[in-house]
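Chains B and Z, in that order, are what the protein sequence lines are. According to our numbering, the first sequence holds residues 1 to 743 in order. According to our numbering, the second sequence holds residues 1 to 112 in order.
Hints were generated in silico from the structure; no laboratory data involved. The model shown is predicted, which means the values in this text are computed figures rather than measured ones. Relax, there's no trap hidden among the hints.
When the alpha-carbon atoms are kept at most 20 Å apart in a straight line, the in silico EDC-like pairs for lysine to aspartate or glutamate are as follows: (1) Z/K50 - B/E240; (2) B/K224 - Z/E52; (3) B/K55 - Z/E88; (4) B/K238 - Z/D11; (5) B/K667 - B/E655; (6) B/K238 - Z/E52; (7) B/K301 - Z/E49; (8) B/K80 - B/E106; (9) B/K721 - B/E410; (10) B/K224 - Z/D11; (11) B/K304 - Z/D47; (12) B/K224 - Z/D54; (13) B/K685 - Z/D47; (14) B/K220 - Z/D54; (15) B/K55 - Z/E72; (16) B/K220 - Z/E88; (17) Z/K75 - B/D50; (18) B/K685 - Z/E49; (19) B/K41 - Z/E26; (20) B/K44 - Z/E72; (21) B/K301 - Z/D47; (22) B/K304 - Z/E49; (23) B/K55 - Z/E26.
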Amino acid sequence: MDQEWRTVLEDGTCVTRSCAWSPPGDHPVGCGVRLFVKDGKLVKVEGDPDHPVTKGRLCPRCLTLPEYLNHPDRILYPMKRNREDRGKDAWERISWDEALDLITDEVVRARETYGAESIVEFTGTGRQAVMYCMMFANGILGTPNVCYSQSGYSCYGPRTVATAYVMGVGYPEIDNACRFPDTYDHPGWQRPNYIILWGKAPLESNPDGFFGHSIIDLMKRGTKIISIDPRINWIGTKAEYHLQLRPGTDAALAMAMLNVIIGEDLYDHDFVENWTYGFDELAERVKDATPEWAEEITWVKADKIREVARIYAKNTPSSIAWGLAIDQNKNGVQAGHAIMALMVITGNFDVPGGISVGMRDNNLEPLQSLNRWEILPDETRNKMIGKQEYPALTNVLGQCQPDLVLDALETGDPYQLHVGFFESSNLLTPTACAQPKRWRDALRKLDFIFALDTFMNPTIMACADVVLPLASYAEGDGVVLTHYGLNVSFVGPINKALSMGECKSEIEVMLDLAKRLNPDEWPWKTPEEVLNAKLGGLTFEKLREMGVYQPQVEYKKHEKGLIRPDGQPGVNTPTGKIELYSTVFESFGEDPLPYYTEPPYSPVSQPELAKEFPLILTTGARTFASFHSEHRQVPSLRRLVPDPIVEINPETADEYGIKEGDWVLIKNMFGEAREKAHLTPLINKNVVHAQHGWWYPEEDPEEPNLFGNWKSNVNSLMPHKQIGHLGFGSNYKSTICSIELAD
Amino acid sequence: MHQNALLVNYDYCTGCKSCEIACRNELGLSADQWGIKVTEVGPFQIDNEKWEWDYVAVPTQLCTLCKNRVAEGAKPACALHCLASVIEYGPAEDLVKRVKDRGLKKSAIYLI
Chain B
1 MDQEWRTVLE DGTCVTRSCA WSPPGDHPVG CGVRLFVKDG KLVKVEGDPD HPVTKGRLCP
61 RCLTLPEYLN HPDRILYPMK RNREDRGKDA WERISWDEAL DLITDEVVRA RETYGAESIV
121 EFTGTGRQAV MYCMMFANGI LGTPNVCYSQ SGYSCYGPRT VATAYVMGVG YPEIDNACRF
181 PDTYDHPGWQ RPNYIILWGK APLESNPDGF FGHSIIDLMK RGTKIISIDP RINWIGTKAE
241 YHLQLRPGTD AALAMAMLNV IIGEDLYDHD FVENWTYGFD ELAERVKDAT PEWAEEITWV
301 KADKIREVAR IYAKNTPSSI AWGLAIDQNK NGVQAGHAIM ALMVITGNFD VPGGISVGMR
361 DNNLEPLQSL NRWEILPDET RNKMIGKQEY PALTNVLGQC QPDLVLDALE TGDPYQLHVG
421 FFESSNLLTP TACAQPKRWR DALRKLDFIF ALDTFMNPTI MACADVVLPL ASYAEGDGVV
481 LTHYGLNVSF VGPINKALSM GECKSEIEVM LDLAKRLNPD EWPWKTPEEV LNAKLGGLTF
541 EKLREMGVYQ PQVEYKKHEK GLIRPDGQPG VNTPTGKIEL YSTVFESFGE DPLPYYTEPP
601 YSPVSQPELA KEFPLILTTG ARTFASFHSE HRQVPSLRRL VPDPIVEINP ETADEYGIKE
661 GDWVLIKNMF GEAREKAHLT PLINKNVVHA QHGWWYPEED PEEPNLFGNW KSNVNSLMPH
721 KQIGHLGFGS NYKSTICSIE LAD
Chain Z
1 MHQNALLVNY DYCTGCKSCE IACRNELGLS ADQWGIKVTE VGPFQIDNEK WEWDYVAVPT
61 QLCTLCKNRV AEGAKPACAL HCLASVIEYG PAEDLVKRVK DRGLKKSAIY LI
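Excised from the complex, chain B in its bound form:
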C-alpha cells in the first residue's frame, strides 16, 4: 500500500490504518479500516479504500465501533467480587496487580493441590482468543483443558477435522481470487461457474474470515448460485436453484447427488483415479441413495436433485461452500464427507474457480506453532477431558470434548475441576452451550473463576469472581489471518490506535500472567515478540508497513508436492490420497463411508414426542447487526434488529393465532424461549427458525433475571450429549418444538 500506516490530520486527529478482527467479534476477515482518534477518543471508523480485498467496504459493526468503545457499560478496569456474591452486581474496582495476584494464587493453589488439569479455560468463537487460547492454557496456566463449550463442538471444528482426515489439507474454501493483489483481474484466475451455498449465509456471517460479499462480486461476474437451505434467504431468492431441504437431512441430499453424478458417469475419471482412495466403495455405498430415496427424507423433489447434480457436475470449475449446518448435526461428519466427495470427484479440487486449499508458506508459522502443547508433561496431556473417549476430536483440535466437560463439572468424573477462565466466551447466553442452566449450576461449583472481556455479560455476572478488562481490536497490536491460518488468503496487521481505561489485549494479559505463572517456558517479553514468532519469516513491523501480506498461490498443489510435509505429491492422509473411503474414520471405529441417520429429535425419529411438538425448530441464522451475543448494547445496531425474531410461515402462524410482532413461546421437552414473530413465506410450513445470541443488556443484571438471559435462550431447547460417534455434532439446527402465543 502506498499510504503510511499512521497519519495526522491538520486538526490533530490521528488516523491509523488497520485490519479489523475482534473484539467486538467477527471471524478473522481483516477488513481494511481507518481509525480516527481525536483527543484520545475513537471518533470515527472508515473503510480503507487501499485494502486489496475489502476496498473500503465495511459492515455496520465496524462503522459503529465508536459506540461500542465509548459505551458507558464498557469494562475499563479489573474488578473482583466475593464468591458468595456470584449473580449479584457487587463488583469492586481493583488494581491490575491485585487482580493478577488473586489469579496467580488460585491457579498455583489448584495446580499444587489438585493438579493443573483441574483448571479449565472456556473460549468462545471467532474472536482473537481462538488463536491464543491454547497458548494461554497450555503455556501459562499449565492445563490441557481448553473447552469450546458448544455441545458436540458444533462450530468449524467438525468441518476442519473431517477435512484433515479425508482431504489431508486445510479448510476448503471458494476460490474468490482474494489471494491475488489484483484479485478478479488476475491472469489465470477464473470465476466459479456455480457456487453451492450449503447451509451457509456468508453475506451476514463472513464465515471464518471469508469476505462474504465477495460472493456478490462473483455473481456480478457471472457466477450462478445454488442455495441449499431450509430458509430461503435473500441470496436464495437470487439463486438459479434453491433446494429447501428438511433441516438435518444434508447427508441424504449429498449422497443422492453423488448417486446421480456417479451413476450417470459425470465425474472426473482422471482425478478420481490419480488422487482419490476408495471410489468404488463410495460408488457402492451411494448406489441405492437414489433421488427418490432422498426426496422422501429431505422433502426436495427427486427431479430437482437430479437437475442440480447434473448442472453442478457439468460446470467445472464450480465451488461448494459448506456452512455451520454441517457442524450442527449429529450426522454432520458424514454429510461433510459426502460433500467433500462432491467437491473432488467433479475435478474442482484446487483449480482456478474451484475449491481452494491451504498451503505452507515460509513467511507464516502454522497455527499450532505457538500452542505450547509440547511443554506439558505426558501425564498431564493424557488427562485432557475427552482424550480417551473421543480421540478423533481431541487429537486434531487439542481441546476437550465439551459435553464431557459438563459431565465432569457435574459429577467429578474423571476428576473434579476447580478453577475456570472465561476467555471471550459468553457461553450461557445462547451461543456456545446446550442446557445453559445446567452449565450455570455446574460452573458455580468451581472454586474460582476469572474472566477476560469487554462488557459485563450474563455468564460473567452469574459465575465469575474476577474480571479483567479486554482491549478491542482498536486498542492493541495483533495480526489477523483468514481461517485462523488454515487457508490464508491474506495476513493483516491489527494496529493499536488508542488506549481505553486500563484495558489490555489478550497478548498483554498473557505476558503479565506468564511472568508470574510460567516464566521459564515463556521466551517472549513484548507483544511484538509474540507476533513475530507467530509470523515466522515476516516481522510485525514489516507487515504493518506492507498493509497486508498475500501469500504466494499455486494451484494443483497436490501435483507439485506442496501439501505433504515430506514434499511428495498427494495430500496429507495415510494413503496420500483424498479418502472417499476414510481409513482414519475406520481406525476410530466409525463407518469409513458416508451414511444417513435421522436427527435424534425429528418428527420421523420421535413420532410420539412430535404429537406434542409438531414443528421442526432450526436456529442460529445471523444478521448484519450482531456477532452471536455481541453488540446488543450498541444503539445503532440494536435499532436494526431490536428483538429476537422467530420466523414462521403465515399459514402456520394463522393456525396458531399468531400475528406479526406477537411474542411467541417456543417450547419442547428440554426447555423454552420467547421470541417475536416475523411471518414470512420463505420458510416451510412445518419449520420455524429462531434467532440465537439474545440477552438484554438494558435489563436487571442480577440473578434471577441475569440481563434477561433466560427469556429468549433457544439453547435451553437443545439436548446435552446427543452427538456423533467421533464426539462431534449436535442438532442445534434441527430439533422439534411447539409454538403458542406468549403471555
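Fit chain Z to the given chain B structure using the hints.
Relative to chain B, chain Z alone:
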C-alpha cells in the same frame, strides 16, 4: 457543466444498511434521520421457483452527495462502504452510460 449524481443498482443490494450508518456518521445525523434509507420490496412469490425480494437504498433530501469528501478526492460515504458495491458516484451522463454498458437491470440514478 456536469451534474454529479448517485447510481444505485439494486440487482445486488443485500440490505446490510452500511450506507445508512456511514451517511449518519458523515453528516452527524440523529438516529431518526437518514441521508439514505434502505427500503424493501417483497419478499413475495412470483411462481414455484421465483421470488421477488429487493432492497432499495434511496437518498433523501439530507443527502449532500458528500460535497466535502468528494472535494478531497474521496468517494461519498455510502458509496465507499457499500458492501455489495452497488452505489456509485459520478457525472450523471457517465452513470447512464455505465448502466447501459454493464447491462444493469434495476438501477436508479439520483440527481441530488
